[in-house]
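Peer 1: Residue-level listing of the chains:
2 protein chains.
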Amino acid sequence: MKKIEVLQNILEANESIAVRNQQLLDKHKVFAVNIMSAPGAGKTSLILQTIARLKNRLNIAVIEGDVASTLDAEKVKNEAMEVVQINTRNMPESCTLIAAMIEQALKDLPLEDMDLLLIENVGNLICPAEFALGEHKRIVISSLPEGDDKPTKYPLMFTNADAVIINKIDFLPYVDFDIPVFRRTVKGLNPKTRIFELSCKTSVGIEDWCNWLLQEVEAYLLQVKSA
Amino acid sequence: MKKIEVLQNILEANESIAVRNQQLLDKHKVFAVNIMSAPGAGKTSLILQTIARLKNRLNIAVIEGDVASTLDAEKVKNEAMEVVQINTRNMPESCTLIAAMIEQALKDLPLEDMDLLLIENVGNLICPAEFALGEHKRIVISSLPEGDDKPTKYPLMFTNADAVIINKIDFLPYVDFDIPVFRRTVKGLNPKTRIFELSCKTSVGIEDWCNWLLQEVEAYLLQVKSA
Numbered sequence: 002m003k004k005i006e007v008l009q010n011i012l013e014a015n016e017s018i019a020v021r022n023q024q025l026l027d028k029h030k031v032f033a034v035n036i037m038s039a040p041g042a043g044k045t046s047l048i049l050q051t052i053a054r055l056k057n058r059l060n061i062a063v064i065e066g067d068v069a070s071t072l073d074a075e076k077v078k079n080e081a082m083e084v085v086q087i088n089t090r091n092m093p094e095s096c097t098l099i100a101a102m103i104e105q106a107l108k109d110l111p112l113e114d115m116d117l118l119l120i121e122n123v124g125n126l127i128c129p130a131e132f133a134l135g136e137h138k139r140i141v142i143s144s145l146p147e148g149d150d151k152p153t154k155y156p157l158m159f160t161n162a163d164a165v166i167i168n169k170i171d172f173l174p175y176v177d178f179d180i181p182v183f184r185r186t187v188k189g190l191n192p193k194t195r196i197f198e199l200s201c202k203t204s205v206g207i208e209d210w211c212n213w214l215l216q217e218v219e220a221y222l223l224q225v226k227s228a
Numbered sequence: 002m003k004k005i006e007v008l009q010n011i012l013e014a015n016e017s018i019a020v021r022n023q024q025l026l027d028k029h030k031v032f033a034v035n036i037m038s039a040p041g042a043g044k045t046s047l048i049l050q051t052i053a054r055l056k057n058r059l060n061i062a063v064i065e066g067d068v069a070s071t072l073d074a075e076k077v078k079n080e081a082m083e084v085v086q087i088n089t090r091n092m093p094e095s096c097t098l099i100a101a102m103i104e105q106a107l108k109d110l111p112l113e114d115m116d117l118l119l120i121e122n123v124g125n126l127i128c129p130a131e132f133a134l135g136e137h138k139r140i141v142i143s144s145l146p147e148g149d150d151k152p153t154k155y156p157l158m159f160t161n162a163d164a165v166i167i168n169k170i171d172f173l174p175y176v177d178f179d180i181p182v183f184r185r186t187v188k189g190l191n192p193k194t195r196i197f198e199l200s201c202k203t204s205v206g207i208e209d210w211c212n213w214l215l216q217e218v219e220a221y222l223l224q225v226k227s228a
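Chains A and B, in that order, are what the protein sequence lines are.
Take 2 as the starting number for the first sequence in our numbering and just add one per residue.
Take 2 as the starting number for the second sequence in our numbering and just add one per residue.
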């Protein structure tokens with residue numbers, strides 16, 4: 002039986018560590034992206050596609066968050082300049098990465114040489130929405146086989162996202178997923194968010210996503226250099 | 002900012018409410034099943050298929066757990082004898098149903114007239130594994146598009162399951178999902194669990210699942226009647 006003792010406001014404590022993490026990233030001019038989704042929506046595949054397209058332009062490291070196993074880190078390790086695996090199984094918050102875990106992982110990364118940090122959160126549409134990590138952008142992936150009702154059922158995740166990716170669009174002939182309905186629901190929760198439609202399997206739409214991400218990194222670098 | 006104050010061992014407190022829930026269910030001879038999965042794996046579809054097959058044999062009520070919305074309860078309400086929706090959004094544990102929520106919901110159900118209670122948990126492969134609700138059986142659904150690595154990445158959910166359902170087997174031609182590997186991994190974690198392969202869309206395999214469930218309900222009724 003796991004014993005949980007929470008003696009302070011854990012979300013406030015998390016927030017202040019997240020701010021410290023972002024200060025450290027900014028000091029080293031590293032743009033950090035928090036990638037969230039339900040299990041199996043394609044976080045690791047998106048990371049692999051993104052590294053493949055951008056590794057000639059950016060030095061990219063990855064933090065892999067999982068309850069258990071190193072499966073994803075093993076998939077990524079030959080592609081990224083560095084990978085750190087976090088297993089949350091025996092931690093008080095096993096359902097999400099939290100800022101304190103990232104603070105620890107940043108000590109194992111070559112920040113001085115990095116441009117982009119991709120953080121793969123634990124597969125979960127609920128808990129990760131509440132815990133800032135110090136990231137500059139928050140990305141949510143929904144995949145077609147999950148159904149188009151997820152923004153209605155898990156609203157906070159979509160309300161806080163800087164970009165929403167609709168993955169596995171190659172499944173469109175086989176599933177009931179109404180893309181316009183999904184888009185309208187997301188925009189109703191979060192009018193400013195960007196929405197990308199793509200397939201990590203066929204590579205359709207990956208270029209648009211990577212172009213947007215590259216622009217965001219470049220805009221960030223201009224901003225931190227002038228600060 | 003949500004304030005979380007946990008002044009006692011919440012899992013122990015949950016366990017004692019779960020025991021009370023099961024005593025109440027047993028008093029009324031109601032067999033309860035806790036259905037868990039990642040978002041979009043097919044919990045509601047399985048419930049609809051199960052009611053369609055068994056409603057001439059059993060009086061079936063449903064508790065629907067969701068972070069937000071009543072979408073699933075609306076789908077089920079014309080099929081089940083009664084449905085209670087629980088929305089967890091503003092509760093301290095938003096990522097799972099907990100026994101105290103079920104205790105409340107049981108007050109709104111006609112226990113005396115029921116044989117079977119299907120509880121659809123919040124879509125999440127992590128938190129629900131830790132919170133007993135008072136159920137007699139725990140069912141986990143994995144769907145083919147999620148990938149075959151979920152038992153390795155979310156082991157507790159599969160370790161505690163009485164039955165594991167592989168749903169969306171009609172997707173087999175379109176995905177990389179190794180059913181023998183998945184079965185071996187699940188059996189490695191939990192040798193006694195039953196595994197069913199089915200498709201809620203095509204109805205393949207539903208009969209085997211419903212036959213097993215019906216046998217479990219009948220064995221339970223014999224046991225509580227003789228107690």
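These are calculated hints, taken from the structure and not from any lab test.
Fair warning: there could be bad hints in the mix.
Identical chains blur together in the list; that is why a pair holds if it fits in one copy or across any two.
[Stated by the list, open to error] Simulated crosslink set (EDC-like; lysine to aspartate or glutamate; CA at most 20 Å straight-line):
| hint | residue 1 | residue 2 |
| --- | --- | --- |
| 1 | LYS78 | ASP114 |
| 2 | LYS226 | ASP163 |
| 3 | LYS76 | ASP179 |
| 4 | LYS28 | ASP163 |
| 5 | LYS78 | GLU217 |
| 6 | LYS76 | ASP209 |
| 7 | LYS202 | ASP171 |
| 8 | LYS56 | GLU131 |
| 9 | LYS108 | GLU217 |
| 10 | LYS76 | ASP177 |
| 11 | LYS76 | ASP163 |
| 12 | LYS28 | ASP171 |
| 13 | LYS188 | GLU94 |
Peer 1: Decide, hint by hint, whether the structure agrees.
Peer 2: Hints, one by one, checked against the model:
Proximity of LYS78 and ASP114 under a CA criterion of 20 Å is satisfied intra-copy only: 17 Å inside one chain copy versus 57 Å between copies. For the homomeric pair LYS226 and ASP163, neither the shortest alpha-carbon distance inside one copy (23 Å) nor that between copies (57 Å) is at most 20 Å. Taking the shortest Cα distances, LYS76 and ASP179 sit within 20 Å of each other only across copies (17 Å), while inside one copy they are farther apart (32 Å). In this assembly of identical chains, LYS28 and ASP163 lie within 20 Å of each other by CA distance neither inside one copy nor across copies; the values are 22 Å within and 51 Å between.
Neither within a single protomer nor between protomers do LYS78 and GLU217 lie at most 20 Å apart by alpha-carbon distance, with minima of 24 Å and 46 Å respectively. Taking the closest pair of Cα atoms, LYS76 and ASP209 never come within 20 Å of each other, the shortest separation being 24 Å inside a single copy and 37 Å across copies. Proximity of LYS202 to ASP171 under the C-alpha cut-off of 20 Å is found in both arrangements, the shortest distances being 8 Å within a copy and 19 Å between copies. Taking CA atoms no more than 20 Å apart as the test, LYS56 paired with GLU131 passes in neither setting, with 30 Å inside one copy and 40 Å between copies.
Taking the closest pair of Cα atoms, LYS108 and GLU217 never come within 20 Å of each other, the shortest separation being 25 Å inside a single copy and 52 Å across copies. Taking identical chains as interchangeable, the C-alpha atoms of LYS76 and ASP177 lie at most 20 Å apart only when they sit on different chains, with a minimum of 15 Å there against 31 Å within one chain. Taking identical chains as interchangeable, the C-alpha atoms of LYS76 and ASP163 are never at most 20 Å apart, the minima being 26 Å within one chain and 31 Å between chains. With identical chains, the CA atoms of LYS28 and ASP171 are never at most 20 Å apart, being 41 Å at best within one copy and 51 Å at best between copies.
For the homomeric pair LYS188 and GLU94, neither the shortest alpha-carbon distance inside one copy (30 Å) nor that between copies (27 Å) is at most 20 Å.
Figure legend: structure checked against the earlier numbered hints; hints not met, in rising order: 2, 4, 5, 6, 8, 9, 11, 12, 13.
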